[in-house]
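Trainee: Take the sequence shown: its letter number 15 is residue 15 in my numbering, and every next letter is one higher.
You may find that some hints are simply not true.
Here are the simulated DSS-like pairs of lysine-lysine, each with C-alpha atoms no more than 25 Å apart in a straight line [what the hints assert, rightly or not]:
#: 1; residue 1: Lys30; residue 2: Lys41
#: 2; residue 1: Lys59; residue 2: Lys49
#: 3; residue 1: Lys49; residue 2: Lys39
What follows is a list of derived Cβ distance ranges for each label pair [said to hold, decoys possible]:
#: 4; residue 1: Arg26; residue 2: Gly50; range: 28 to 34 Å
#: 5; residue 1: Asn57; residue 2: Tyr23; range: 39 to 45 Å
#: 6; residue 1: Glu31; residue 2: Ile55; range: 33 to 39 Å
#: 7; residue 1: Thr38; residue 2: Glu60; range: 29 to 35 Å
#: 8; residue 1: Pro24; residue 2: Glu53; range: 42 to 48 Å
#: 9; residue 1: Glu53; residue 2: Phe27; range: 26 to 32 Å
#: 10; residue 1: Leu58; residue 2: Leu37; range: 29 to 35 Å
#: 11; residue 1: His22; residue 2: Glu60; range: 29 to 35 Å
#: 12; residue 1: Tyr23; residue 2: Ala61; range: 44 to 50 Å
#: 13; residue 1: Ala61; residue 2: Thr29; range: 43 to 49 Å
#: 14; residue 1: Glu31; residue 2: Glu60; range: 30 to 36 Å
#: 15; residue 1: Arg26; residue 2: Ala61; range: 43 to 49 Å
#: 16; residue 1: Lys49; residue 2: His22; range: 40 to 46 Å
#: 17; residue 1: Glu31; residue 2: Asp52; range: 40 to 46 Å
None of these hints come from the bench; they were simulated from the model.
Cβ coordinates follow ideal geometry from the N, Cα and C atoms, glycine included.
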Amino acid sequence: MYNHEETACCCHNHGHGHYPGHYPRRFLTKEEQIEHLTKYKEWLQNEAKGIDEAIANLKEA
1 MYNHEETACC CHNHGHGHYP GHYPRRFLTK EEQIEHLTKY KEWLQNEAKG IDEAIANLKE
61 A
């Protein structure tokens with residue numbers, strides 16, 4: 001699987017794979033894809049919670 005996010009890495013260690021030499025990997029194993037997508041989903045859920053909090057704070061102001 002080609003992973004566009006891998007090539008756009010800004011090196012914040014979001015659980016995706018780099019091999020020695022700091023080049024992004026283009027083809028992940030099935031297990032790596034599942035792990036990456038699970039972590040990405042958690043990140044998105046946390047981002048959504050932060051957005052909900054920001055909206056609530058703006059409504060209170």
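Trainee: Can you name, in rising order, the numbers of the hints this structure does not satisfy?
Mentor: Hints 8, 9, 11, 14, 16 and 17 contradicted; others consistent.
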